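*Asks:* Residue strings, one per chain:
There are 2 protein chains.
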Amino acid sequence: MRATGIVVEYNPFHNGHLYHLNEARKQTNADCIIAIMSGSFVQRGEPAILDKWMRTKMALLGGADLVFELPVRFVMQQADIFATEAVRMLADLKAETIFFGSEDGSKEAFIEAAKLANQDDFELLIKEKLENKTLSYGAALTEALHEKIGDRLDITLPNNILGFHYTLANEKMNAPLQIETLKRTTQYAETIPKKPAVTSATAIRKMLLQGHITQAKKYMPSFAYKEIINSSANLMTFAEIYPFLRYRLLTDSPGTISKINSVTEGIENRFVKAARHEEVEDFLNEIVTKRYSRARVQRTAMQILLHFEKQDAVSPYLRLLGMNQTGQAYLSKVKKDLELPLVTTISKAKEELIAYDVRATKLYSLMEGSRVQPDSDYLKRPLIYW
Amino acid sequence: MRATGIVVEYNPFHNGHLYHLNEARKQTNADCIIAIMSGSFVQRGEPAILDKWMRTKMALLGGADLVFELPVRFVMQQADIFATEAVRMLADLKAETIFFGSEDGSKEAFIEAAKLANQDDFELLIKEKLENKTLSYGAALTEALHEKIGDRLDITLPNNILGFHYTLANEKMNAPLQIETLKRTTQYAETIPKKPAVTSATAIRKMLLQGHITQAKKYMPSFAYKEIINSSANLMTFAEIYPFLRYRLLTDSPGTISKINSVTEGIENRFVKAARHEEVEDFLNEIVTKRYSRARVQRTAMQILLHFEKQDAVSPYLRLLGMNQTGQAYLSKVKKDLELPLVTTISKAKEELIAYDVRATKLYSLMEGSRVQPDSDYLKRPLIYW
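For the record, the sequence lines run as chains A and B.
For the first sequence, the working numbering gives the first residue as 423, with consecutive numbering after it.
For the second sequence, the working numbering gives the first residue as 423, with consecutive numbering after it.
Everything labelled a hint here was simulated from the structure, so no lab data went into it.
Remember, predicted model here, so these are calculated numbers, not experimental data.
Some hints here could point you the wrong way.
Heads up, the list lumps identical chains together, so a pair's fine if it works in one copy or across two of them.
[Unchecked claim] Straight-line C-alpha distance at most 35 angstroms; calculated DSBU-like pairs for lysine-lysine:
(1) K695 x K770
(2) K570 x K448
(3) K695 x K772
(4) K529 x K570
(5) K695 x K681
(6) K802 x K695
(7) K732 x K772
(8) K772 x K681
Can you make the complete structure from the sequences, with help from the hints?
*Replies:* Take a look at the structure:
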């Protein structure tokens, strides 16, 4: 059986995701699609608008055969760590290919860029740039890459940067996966005769959050739309998590906050000061700068809320969220060769593996309007769709 | 100038409090009434329904001349610590008398009981009782006292127990204060010709919280009632604090929780387990037992929320919340002889003195519907009523 891996958030699942899933199967001739999905919280550093079980269901209905949870410790990190851990999981699961959407659409550009970036002199070039200017790491990386390969790959575009990091992570692991990429949107329009409407997940979240639910309908497969309607789920945002963040920032000592993983350069003082604002947007606006993006601020906030300390060791593991018959058959086949611990039942897993993801679910359950139970990770088994 | 001290919560201020204030002045022939008042949170371990500035205003309108805040570290403790620190503040402020309400009404009974309890053999008797039975400290104390003085003083009654602890604390400090006590309710009816209606603060809170505001009217002086109506303040309860408690209990490690001052005997595990309940009453019902009263559970919860750790040193200080002209004159007179630090402007105070009370205000501000600003301690000066 031939497996292809995808890395997803499905926040929420839309027509573009369905196309990506179908093309992954078709273009890579895959028997099994393995989705590595963020869980309760997404890489923008906010709660997924729908809980991880609803999104797992959508993934399976959309055609994924296996859905695993990317541990929240890796989701709440910058793109390189997020990508590295997703690639590690796919490689361990013996996927042959990783198939990602990109603005570029040329796998050669990604591979060339990644090979370059994996060389010592490239690291030196970045270091130089970081010394000479007041650049963020991402900006230094972009400049260095541009010097080396010019316009071949623009990694300032959001999907290109993730694709670049998947490819680089793969290079660093000696390329266990083949790289395939799907050019977003445009390619879509060319290949589908009666093309469904496509827009970004961000745009769809906006429609849903503003109550324009029927407006969002045409951008989503009917099963995903129905899931939202029928569950009458409340949609979660950073605003629902903000009261707890304020509690931490206003009552905890700056010393405790400074132990948190991404809290560096005295940023804890700016967080504490901004927490006087009752409105979440006022809080974010006060902290966000060019150098310190909204996503980064939110990820740091989530790390504070989830007590991700600098000293904590984190081990990857394979948490199964859902599967179908194909996925189950594939998993039985590769099970004995897995190096990472496979977790299907939380109560049987080692505490140190699952602690942060279990805590993330508890936090998700605390948000006003959340339908998740604090101990849902223990109550719910992996979803199985035949 | 002759000063008399009272220890109050005014949660909220009612006719019985007004009577107590007036009688304190009359019976002790006082020029100045000094009120030691709990601040953002009360000794039952819950937010005061109205913030400390509103309650200070009521105290001043009711006739108190000076209002000081009993530090929250002492309020969130059992009766003996609460009483000891209040007596310490009054003694330092050179009050001649402490005047408290009691179910008993005989100061001799309190003094006799306190002198007994201040002897070594009494401590031994309590120790014996604690060894032989599964009694709480309070129950052992009650039994020991009953053996010694019979029915002279029933310290199972709420005001008697506080009075006993004021008197005992005073004895232990070599009696800087004279003891005077006012028998509650009955005496009231005898001395006032056109008697205003009196009921407990608990009963009044219940009326207010159930929205029966006009029903509460007759039990309160009109200035206190008007203050509630005009401010259209939202009333705070333990329910408004519960989301933050759940956050702490569900996301923090039991190791961190076990560092909290009153967390002993593995009670943290019961707290964590009960925090799965979304409803605050379900949480409390699961933990409260005869041995572990609701007030004690709530105080422990507040200690968790305010990060009161076992290792923390706590220093008493005199935080002025409000005064009138008489109070100001009295304070100028005793100021130079104070041993405790006097704090009138928070920004000028030492961080280690004020940290917990400032934090308590921040926490108070976080509750849904609270009108308090996180940094109100810095923004508001002592109230002055001429």
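*Asks:* Against each hint, give a clear statement of whether it holds in the structure.
*Replies:* Hints and how they fare:
1. K695 x K770: Between copies only: 19 angstroms across chains, 42 angstroms inside a chain, cut-off 35 angstroms.
2. K570 x K448: Within one copy only: 34 angstroms inside a chain, 90 angstroms across chains, cut-off 35 angstroms.
3. K695 x K772: between (38 angstroms within a copy, 20 angstroms between copies)
4. K529 x K570: Intra 17 angstroms, inter 90 angstroms, cutoff 35 angstroms: intra-copy only.
5. K695 x K681: both (18 angstroms within a copy, 27 angstroms between copies)
6. K802 x K695: So K802 and K695 pass the 35 angstroms test across copies only (18 angstroms; inside, 40 angstroms).
7. K732 x K772: both (21 angstroms within a copy, 31 angstroms between copies)
8. K772 x K681: Answer is both: 24 angstroms inside a copy and 25 angstroms across each meet the 35 angstroms cutoff.
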